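Trainee: Below are the chains, spelled out letter by letter.
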Amino acid sequence: MAERDSMHVLVIEDDRDARDNLCDILELDDHAVIAVGSAAEALDRKDWSPFGAIILDRRLPDASAEELLPRLRQLAPQANVIIVTGYSDLQGAIAALRLGAVDYIIKPINADALRATLHRLAERQRLTRDKERSEARFRSLLEAVPCMIVILRPDHSILYLSPFAQQLTGYSAAEVLGKDYLSLFLDDPRQTEDIVADIQKVLAGAPTRGFENPIRCKDGTQRWMIWNAQPIEYEGAPAVLAVGQDLTSVKRAQDKALQSERLAAIGQMVTGLAHESGNALARSQACLEMLGMEVEDRPEANDLIARIQNALDHLRHLYEEVRGYAAPLKLDREVWDLSALWRQAWKNLTVTHKERDAALHEQAEGLDLHCAVDYHRIDQVFRNILENALAACADPVHVEVQCSPYQLGQRDALRLAFRDNGPGLNAEQKQRIFEPFFTTKTKGTGLGMAIARRIVEAHGGEICVGTPATGAEIVVTLPREAT
Amino acid sequence: MSESYRIAVADDEPDMQAYYRKVLPRLGHRLVGVAANGQELVELCAATAPDLVISDIKMPDLDGIEAAIKIYAARPVPVILVSAYHDSELIERAAADHVMGYLVKPIKQADLPPAIALAMRRFEQSRPSES
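Chains P and U are the protein sequences, given in the same order.
Reminder that position 457 of the first sequence reads as 457 in the numbering used here, one-by-one numbering, no gaps.
Reminder that position 52 of the second sequence reads as 1052 in the numbering used here, one-by-one numbering, no gaps.
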């Protein structure tokens, strides 16, 4: 005999005998029965929540099932309604089914039939509960997983966007539900066709694995994702479940490593070139000086020689800088007060630029500026930044260093923002300023900021362009201590 | 104040050899000979007993540093080494008693007088018992 699921049952039956009969049968099966004789009595009840089933006579003296049903469905949506009816009134019973009753029993009531009906009901309710529980588990899984989870309709409109996905992309679910995924998130419109084809493939039953592509977030930034997608049924219709992992930091690390390799290769090549050229440079210098001795009495010749000398000096300086850039960086770190370093760098610069009207201001608010750094290298960084400011700004030059505490991951750090009162950086400069050999100065190797970046990053810090209202700003962040 | 010294020079580059031949007399010194490699330099010093040696480091056969060691062992004389680039390793090797100066190529005429004066003074100071 099947396991009995006892329920709370409400019986609404005016026929006394029928009512008693029902109660007997139900109580025999351990159901908890409440029996009333009229619609009014039933509607008087305050607490409808315990009822798993309502047995309702098709024709009560004060209401028909059609009248009562909608009200009952409202008051006890969890309860299944069974209509009690006679053969002659079968049509009415079937009509009641359309209004939300789940079954009917015919008088005179057969105990076994009733039992079977209730059993079926209980079974169905249990299945519904299980399904809800499993859906709740599914949802909480979707919400807990730190992956971007998207469910799409076959027309690639968005059915679901997980909380993590919302966080990652900056869109709330409300903003995107129903919208077309591709036009919203796809960074490169040329990929549209391929992705549409992929979605069709998935729907046809071929799951996708490891598909890499960038998506565009609400703020316009790009994130690099790797996707797995498969067909599912969502709310009764075919859909595509796509799970994406954010590879952006991995990709950035990869790009950085690749760039390092390239730079190292270039560095090697250039060092070799510079070394080989050293001799040629020395010979040129020697011969130029000898030529100078030959034409001492000819002013035009001397002038030409002076210009060649100038060019040679420039060439030599270029080689020195490039060698300095490519050479391996070995840091000699000691604790220094950073303000002492930038003040010294400024002093050294202004000594060679005595004719300029320039001032350096500091804003440190009593912050302790001690930091474990390589004196010589960080001096170079500050010098390069300040030199750029002097080159870019017209007199009177005003450079401000703003210091604040900062966290680099878990590490205590100092954030130094060097701002000048010059024309600022245009879009191209902002993007390329740290690129080796990028310069807008007429006399620059374009290595100053590239070297600065190498040095700062070797210290475990960061250097970037700030976004001030006016002027240019370079922000250097240095961890207080070496790891 | 500037004295005239008898100087021996070594460099395997003909242009540099021509340069020293031209410039050193202009600065008031006497060039006693030009060697093209380390071995030749050692022999030149043995034969001419110069006041000062100016030698390139990178030369075929014996390099400048090794030659300086040999020359000093035979007869102490101040040596100025000339290198193509800053190299801490080289500087360390060269920082021995007998090396009194270190120049980096490309050399300009203006670099020579102070380097020579300094080398000679250092050498005199390092030899307390000599007159």
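Hint data in this document are derived by calculation from the structure and do not stem from the laboratory.
What you are looking at is a predicted structure, and each value in this text was computed from that prediction instead of being measured.
Where a beta carbon is used, it is the ideal one built from N, C-alpha and C, also for glycine.
Any given hint could be a false lead.
Said to hold, decoys possible - Only pairs whose alpha carbons sit at most 25 Å apart, straight line, appear in this in silico SDA-like list of lysine to any residue:
| no. | chain 1 | residue 1 | chain 2 | residue 2 |
| --- | --- | --- | --- | --- |
| 1 | U | 1108 | P | 330 |
| 2 | P | 330 | P | 269 |
| 3 | U | 1022 | P | 269 |
What the hints assert, rightly or not - These stretches of chain U come out as covered by chain P in the derived footprint (C-beta under 8 Å, 3 or more residues):
| no. | segment |
| --- | --- |
| 4 | 1007 to 1016 |
| 5 | 1040 to 1049 |
| 6 | 1099 to 1107 |
Trainee: Work down the list of hints and note, for each, if the structure agrees.
Mentor: Taking the hints in turn, this is what the structure says about them:
1. For the given pair, residue 1108/U sits about 31 Å from residue 330/P by alpha-carbon distance, which is inconsistent with the 25 Å threshold.
2. Between residue 330/P and residue 269/P, the direct Cα distance comes to roughly 20 Å. Compliance with the 25 Å bound is thereby established for this hinted pair.
3. A threshold of 25 Å between alpha carbons decides the hint, and for residue 1022/U with residue 269/P the separation of about 35 Å lies outside it, so the pair is violated.
4. Check result for the segment 1007 to 1016 of chain U against chain P: holds, 3 residues qualifying (beta carbon to beta carbon below 8 Å, three or more required).
5. Here the segment 1040 to 1049 of chain U counts 0 residues with a CB under 8 Å from a CB of chain P, which misses the bar of 3, and the coverage is violated.
6. Three residues within the 8 Å Cβ limit are the bar, and the segment 1099 to 1107 of chain U against chain P gives 3, so the coverage statement holds.
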